[in-house]
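Q: Model the full structure from these sequences, guided by the hints.
Just so you know, the sequences run in chain order G and E.
Just so we're aligned: 44 in the numbering used here is position 44 of the first sequence, and the numbers increase by one with no gaps anywhere.
Just so we're aligned: 332 in the numbering used here is position 35 of the second sequence, and the numbers increase by one with no gaps anywhere.
It is worth saying that the hints were derived from the structure and are not from the lab.
Keep in mind that the hints are not guaranteed to be accurate.
Heads up, simulated PhoX-like pairs for lysine-lysine below, C-alpha to C-alpha not over 20 Å straight-line [what the hints assert, rightly or not]:
#1 G:K192 to E:K412
#2 G:K204 to E:K397
#3 E:K461 to E:K299
#4 E:K415 to G:K204
#5 E:K358 to G:K192
If you want the ones that stay clear, here's a sample from chain E, every Cβ over 12 Å from chain G, calculated [claimed, not checked]:
#6 E377
#7 N387
#8 L390
#9 E441
#10 P588
#11 I625
#12 Y659
Built from N, CA and C at the ideal position, the CB exists for glycine as well.
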Amino acid sequence: MSSTNHVTMHERDMRRVSSRQTVGKIVSKVMVYTFLILMAVIIIFPFYWMLISSVKSISEYRLSVPTLFPREILLSNYVDAFQQANLGRLFLNTLYVGLVSTLLSLVITVLSAFAFARLEFKGKNALFAALLGTMMIPGELFTITNYATVNSFGWMDSFTVLIVPFLVSVFYIYLLRQNFLQIPNELYLAAKVDGTSDLKYLWKVMIPLALPTLISITILKMMGAWNSYVWPRLVANDEKYQLITNGLRNAFTDSTGDVNIPVQMAAVAIVSFPLFLVFIFLRKYIMKGVSRSGIKG
Amino acid sequence: MKIVLQNLTKVFPSRNKKAGEEVIAVNDFTFEIPDGKLIGLLGPSGCGKSTTLYMISGLQKPTGGKIFFGDDDVTELSAENRGVGLVFQNYALYPHMTVKQNILFPLQNLRGADKLSKEEMLERALYAARLVQIDNLMDRKPSELSGGQQQRVAIARALVKMPKVLLLDEPLSNLDARLRLQTREEIRRIQKETGITTIFVTHDQEEAMSISDLIVVMKLGVVQQIGQPQEVYDDPQNLFVAKFLGTPPINVFDGKVEGGRLYIGDAAVLDVPGVADQEVTVGIRPEGFVPDENGPLVCRLNSVEVMGRDVSVVSSHPAAQTPAIRSIINADCKVNSGETVSYTLKPHKVLLFSKTDESRIYFEVK
Numbered sequence: 001m002s003s004t005n006h007v008t009m010h011e012r013d014m015r016r017v018s019s020r021q022t023v024g025k026i027v028s029k030v031m032v033y034t035f036l037i038l039m040a041v042i043i044i045f046p047f048y049w050m051l052i053s054s055v056k057s058i059s060e061y062r063l064s065v066p067t068l069f070p071r072e073i074l075l076s077n078y079v080d081a082f083q084q085a086n087l088g089r090l091f092l093n094t095l096y097v098g099l100v101s102t103l104l105s106l107v108i109t110v111l112s113a114f115a116f117a118r119l120e121f122k123g124k125n126a127l128f129a130a131l132l133g134t135m136m137i138p139g140e141l142f143t144i145t146n147y148a149t150v151n152s153f154g155w156m157d158s159f160t161v162l163i164v165p166f167l168v169s170v171f172y173i174y175l176l177r178q179n180f181l182q183i184p185n186e187l188y189l190a191a192k193v194d195g196t197s198d199l200k201y202l203w204k205v206m207i208p209l210a211l212p213t214l215i216s217i218t219i220l221k222m223m224g225a226w227n228s229y230v231w232p233r234l235v236a237n238d239e240k241y242q243l244i245t246n247g248l249r250n251a252f253t254d255s256t257g258d259v260n261i262p263v264q265m266a267a268v269a270i271v272s273f274p275l276f277l278v279f280i281f282l283r284k285y286i287m288k289g290v291s292r293s294g295i296k297g
Numbered sequence: 298m299k300i301v302l303q304n305l306t307k308v309f310p311s312r313n314k315k316a317g318e319e320v321i322a323v324n325d326f327t328f329e330i331p332d333g334k335l336i337g338l339l340g341p342s343g344c345g346k347s348t349t350l351y352m353i354s355g356l357q358k359p360t361g362g363k364i365f366f367g368d369d370d371v372t373e374l375s376a377e378n379r380g381v382g383l384v385f386q387n388y389a390l391y392p393h394m395t396v397k398q399n400i401l402f403p404l405q406n407l408r409g410a411d412k413l414s415k416e417e418m419l420e421r422a423l424y425a426a427r428l429v430q431i432d433n434l435m436d437r438k439p440s441e442l443s444g445g446q447q448q449r450v451a452i453a454r455a456l457v458k459m460p461k462v463l464l465l466d467e468p469l470s471n472l473d474a475r476l477r478l479q480t481r482e483e484i485r486r487i488q489k490e491t492g493i494t495t496i497f498v499t500h501d502q503e504e505a506m507s508i509s510d511l512i513v514v515m516k517l518g519v520v521q522q523i524g525q526p527q528e529v530y531d532d533p534q535n536l537f538v539a540k541f542l543g544t545p546p547i548n549v550f551d552g553k554v555e556g557g558r559l560y561i562g563d564a565a566v567l568d569v570p571g572v573a574d575q576e577v578t579v580g581i582r583p584e585g586f587v588p589d590e591n592g593p594l595v596c597r598l599n600s601v602e603v604m605g606r607d608v609s610v611v612s613s614h615p616a617a618q619t620p621a622i623r624s625i626i627n628a629d630c631k632v633n634s635g636e637t638v639s640y641t642l643k644p645h646k647v648l649l650f651s652k653t654d655e656s657r658i659y660f661e662v663k
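A: Laid out in structure tokens, this is it:
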């Protein structure tokens with residue numbers, strides 16, 4: 001008898017303890033979720049604002065007390081956006097610059113990362129340190145010197161000027177080199193004995209093994225090209241070479257200097273959509289690329 | 298194919314340039330490895346055995362000397378073109394490829410006249426896989442294999458291009474004890490079946506002795522002795538080789554020779570005719586002790602370990618260089634459980650070494 005008694009007492013104790021634990025768990029969960037919801041609202045709100053503004057009429061947009069739910073939904077803004085801004089052309093330009101610069105940049109990144117990770121040559125470490133050193137210089141400073149350089153080359157208003165100056169990314173080289181260095185030396189030796197050249201080893205072994213990083217780099221580079229603003233604004237004034245961000249800025253200003261913001265917002269929504277898709281489907285790689293390095297994206 | 302190493306030397310420059318010290322990893326190694334034999338390169342870590350292997354494979358360039366495969370001087374030939382098979386200690390399988398792709402990989406790199414059709418490649422890969430009994434695992438990735446299976450894949454990959462030489466770098470050290478025994482038999486069988494001249498590196502003397510046709514014992518880059526395992530065990534040329542071979546290891550005593558008799562402590566334990574009077578180091582194999590109540594070598598008895606067939610007697614003696622003397626005796630011989638144990642010695646299991654240079658001092662065994 002006493003033993004069953006003991007058991008039930010013990011169980012009761014346990015239950016009390018566990019109920020106390022449950023309460024604590026619920027409280028902490030509520031707090032965590034409240035925080036997350038708050039952050040989500042803060043982050044989502046600008047996008048929401050973009051979307052509702054893009055369907056408002058210009059008069060509704062200019063109300064002194066802004067409406068959070070549009071009174072009427074004007075999808076015609078989207079059609080206007082396409083027509084006024086020549087979005088198709090801008091899309092194609094941006095896609096072209098993005099693809100070409102990503103492709104060339106990948107080739108350069110892979111080859112230099114391979115050299116820094118695997119080849120032995122005099123001054124390798126000094127050269128790599130110098131390259132890393134350039135990361136300390138703020139990008140804005142490069143803008144000025146790059147501008148002077150491309151100007152003297154006579155490259156203004158061309159695709160070359162949009163692509164070439166940013167082909168080499170020290171950060172990506174660094175990222176990929178670290179990745180390459182993690183591949184054990186024995187694999188290289190094994191491949192040598194198996195009769196491969198350096199280039200074939202790179203292609204057959206290193207690139208497949210570093211594929212997640214390469215995908216991250218591709219996505220980040222594409223996003224960078226898609227989002228770039230200052231440089232294209234400086235060097236490409238000819239409409240033939242304008243990229244999407246600049247197009248958005250300029251296209252919706254009428255002769256009086258007024259900006260038709262709802263239409264501009266519609267255009268922004270259109271432009272953001274591909275990136276949104278990229279993020280949804282490839283976020284695994286984006287996060288990996290950004291978080292592994294822990295420096296910047 | 299026979300392999301000839303001629304005055305092979307490898308010097309590594311010092312890491313620390315100021316110290317300027319060079320490391321001589323392999324020093325003047327000359328040896329002819331007969332065709333179709335299994336050679337064990339044996340020595341403690343840092344003795345240059347792996348370096349020797351890498352030089353034969355072409356992954357490291359010798360500082361001096363030459364390497365011949367048959368009559369061809371391959372010293373300047375790079376690893377890609379040397380046509381050797383190499384199995385690494387950690388197997389070095391390509392992690393993103395399946396077993397089949399791993400085995401096919403060396404074949405896909407063949408050029409010119411050696412180039413194979415797809416069907417021939419598959420056939421060869423399957424043959425190699427069957428040889429090591431992994432033909433049912435062809436579509437797995439290395440991460441889905443056990444250590445032993447990975448090791449077999451590595452051997453298959455090394456064998457598939459039918460190399461002139463198969464090199465194995467500590468092939469068994471990542472396997473558990475049972476698998477190690479099994480795999481070393483397997484390596485022996487594969488080597489016999491293919492008849493490929495095979496060199497394998499190990500620090501485990503038991504491993505080397507059990508499967509090698511010839512063993513090469515190295516120390517600090519210098520070859521100490523080359524010979525058949527039993528021959529090297531029975532007749533070591535110096536104290537290092539004697540100490541390195543054998544489990545349990547040889548028991549070492551300080552002794553002296555006076556008037557053709559060997560003394561350990563004050564006791565004359567053995568007649569050693571033909572040896573000049575001198576201080577000597579005495580090595581006695583564990584199986585060289587015969588328990589004998591009236592035996593001259595009296596040791597303090599510490600413990601008796603029963604191993605079934607044999608008995609291992611642990612004792613101590615003031616003249617011994619190690620705290621414990623281990624002898625292996627037949628379980629039929631009764632060891633009295635007193636304070637001491639007395640032995641007579643089997644003359645051919647007693648080895649004398651010079652105190653000055655540790656070289657062997659021979660005496661006539663009656």
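Q: Next step is simple, just say for each hint if it's right about the structure.
A: Hints, verified against the model:
1. G:K192 to E:K412: Holds, at roughly 17 Å.
2. G:K204 to E:K397: holds, 15 Å
3. E:K461 to E:K299: Holds - the C-alpha atoms of K299 of chain E and K461 of chain E are around 9 Å apart, at most 20 Å.
4. E:K415 to G:K204: It holds: about 18 Å lies between the C-alpha atoms, which stays within 20 Å.
5. E:K358 to G:K192: holds, 14 Å
6. E377: violated, 5 Å
7. N387: The claim breaks: N387 of chain E does not keep its Cβ more than 12 Å from every Cβ of chain G (closest is about 6 Å).
8. L390: L390 of chain E is in fact no farther than 12 Å from some Cβ atom of chain G, at 8 Å.
9. E441: Holds: least Cβ distance 17 Å, greater than 12 Å.
10. P588: Given a closest Cβ separation of 51 Å, the condition holds.
11. I625: holds, 40 Å
12. Y659: Holds: least Cβ distance 44 Å, greater than 12 Å.
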